[in-house]
Amino acid sequence: MNHTPKRLSGTPKSLRLILSLFFLTLLSGKAVFSQELASARPNAFNTLRLSKLPALPVGGAQGVSAPFAGAVGGEAWVAGGCNFPGVPAAEGGAKVFYRDIFSLNPHDAKAGWKKIGELPAAVAYGAGVSVPEGLVCIGGTDGTHALRHVFLLKKGADGTVLTETLPDLPVGLDNLCAAYGDGKIYVTGGKDENGEPSSAAFCLPYPGGKSWERLPDLPGRGRLQPVAAVQSDGRTHCFYVFGGFAPATEKEKGMVHTTGLAYNPLKKTWERTLLQQAHGSQEPFALVGATALTSGCAHIVCLGGVNREIFERAINRPFLLDSLRAISTPSEETLALIRTLEKEGEDYMKQPSEAYRFSQNLLFFHTVTSTWLSVGPFPALAKAGAGLVNVGGIWMMIDGESKPGVRSADVSALKVDFKPSFGLWNWLVLVGYLLLMIALGYYFMKRESGADDFFKGGGRIPWWAAGISIYATMLSAITYMAYPAKAYATDWTYYPMLVTILLVSFPVIRY
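Sequence positions in the sequence shown follow this note's numbering and run 5 to 515.
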């Protein structure tokens, strides 16, 4: 009797054909996938719809800059702000502050904006954060000094606006940033009561907090007009601060911050993020006068803001002029440079909007990988000092300024839609895999002679093959993908759990 073990060559032609077609499908599918990925645009399954909403009817229909803005009861609320309703800012006009509170339901935009109340005082350049109960308004200025006031705007049972006083800030601040998350309101940056850039940071437990807790100061120079958000870094919710600028002093040039900071409440320390530089770009971008909100479980989205090079040159022009004028015997080149800088200063606010190159892109920051992605351009988003509100998945960018000193009454609505597509090749691979499993099961079922053969292969399966089978069964695909991701986001403590799967194999094989 011939006891030669069967080899693959003894496999029926039909089974070999199925195996060949299956692997050819995998190989061809891989080639097609690579080609599609090489030519596809980023976020191929996401579509961004940008639409226009009714203009905010405040300030003579010119729009306002630096208002409080937030989501309250399914509506966008906008309060305060400022503009130049009479003589333009470029001609020395006076800035006017407002106290009106308006609301708009973006799902019923035809109803338009409605005035629903007034602030206790006319304020702008504060920070507004949305909380479950309403809109918290923090700091700001009335045109004379920085304010400490903090209060909650919420909707009463009859639809009227109710104001609830919250603990004052330890120091007055304007041009600051704030964010809410994980049961705390965070505040940092801005200009203090003495007109100096502030590096102080505070947090208030909400609701129920009785006083602001002082956090470690921001590393480096103070930040005016930064943006902030609270988002998870994979381990805990951190307070992220991006951008901002430090004005020039008598001894030091001004600077635009191009790195972010993250306050970790577990470590109680600030940590720097990577350079504010979009993937594929060589130049860092500014986030001055921009806005931010969280998206998903690990993203922060930033919109608007000034151009880094143009703005940095503008804030340093007085410093350079003072330095050049201090030269006792200036050369002709120096005098020519002084005249050029003086002319630039005179004409700075008289250029068309396009000359200032405000940011037109959506900038996505991923908190786990500390990387940036730029999507755009969208010219309607090229504004600074705007309000940004997320109402039921609709991102509303409200007013702001289209150029220094010139406000915009435009309100834009952004909606991100996800359209999944499984694709032809995915279906072919899935169906091919299913047919292969059925064919293999049927083929080996015909060869079995009993229950022992069916369940244990008659004891002919080598121990190492059984171990691999057990390991593969227990190690699911999601575990295989999730463990490396969690280890990247945190540390290596997740990997020892994989070893326990190997340990289980030995008693199963033996007994």
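No wet-lab data here; the hints were simulated from the structure. Hints may contain errors.
[Stated by the list, open to error] In the DSS-like style, the derived pairs of lysine-lysine whose C-alpha atoms are separated by at most 30 Å in a straight line are:
| # | residue 1 | residue 2 |
| --- | --- | --- |
| 1 | 423 | 158 |
| 2 | 56 | 423 |
| 3 | 188 | 56 |
[Said to hold, decoys possible] Just the calculated beta-carbon pair ranges, DEER-fashion:
| # | residue 1 | residue 2 | range |
| --- | --- | --- | --- |
| 4 | 322 | 370 | 33 to 43 Å |
| 5 | 256 | 218 | 42 to 52 Å |
| 6 | 214 | 166 | 15 to 25 Å |
| 7 | 419 | 213 | 26 to 36 Å |
| 8 | 380 | 449 | 55 to 65 Å |
| 9 | 446 | 469 | 48 to 58 Å |
| 10 | 198 | 495 | 18 to 28 Å |
| 11 | 213 | 328 | 15 to 25 Å |
| 12 | 118 | 353 | 45 to 55 Å |
| 13 | 507 | 55 | 51 to 61 Å |
Just so it is clear, CB atoms sit at the ideal spot from N, CA and C, and this is done for glycine as well.
Status of the hints after comparison with the structure:
1. For the proposed pair residue 423 and residue 158, the alpha carbon gap of about 36 Å is over 30 Å, so the pair is violated.
2. Pair hint residue 56 plus residue 423 holds up; C-alpha atoms about 23 Å apart against a cutoff of 30 Å.
3. About 33 Å separates the Cα atoms of residue 188 and residue 56, which puts this hinted pair outside 30 Å; it is violated.
4. Our hint of 33 to 43 Å for residue 322 and residue 370 holds, since their Cβ atoms are close to 38 Å apart.
5. Distance hint check: the CB atoms of residue 256 and residue 218 are about 26 Å apart, inconsistent with the given range 42 to 52 Å.
6. Range check, residue 214 to residue 166: about 21 Å between beta-carbon atoms, so the 15 to 25 Å window is met.
7. At about 34 Å, the CB distance of residue 419 to residue 213 agrees with the hint of 26 to 36 Å.
8. Checked against the hint of 55 to 65 Å, the C-beta distance between residue 380 and residue 449 comes to roughly 58 Å, which is consistent with it.
9. Distance hint check for residue 446 and residue 469: the Cβ-Cβ separation is about 21 Å, which falls outside the suggested range of 48 to 58 Å.
10. Distance hint for residue 198 and residue 495: a CB-CB separation of about 43 Å, inconsistent with the stated range 18 to 28 Å.
11. Taking the beta carbon of each, residue 213 and residue 328 are about 50 Å apart, not inside 15 to 25 Å as hinted.
12. The hinted window of 45 to 55 Å between residue 118 and residue 353 is violated, with their beta carbons roughly 34 Å apart.
13. In this structure the hint that residue 507 and residue 55 lie 51 to 61 Å apart at CB holds, the actual value being about 58 Å.
Consistency note: the structure conflicts with the earlier hints numbered 1, 3, 5, 9, 10, 11 and 12.
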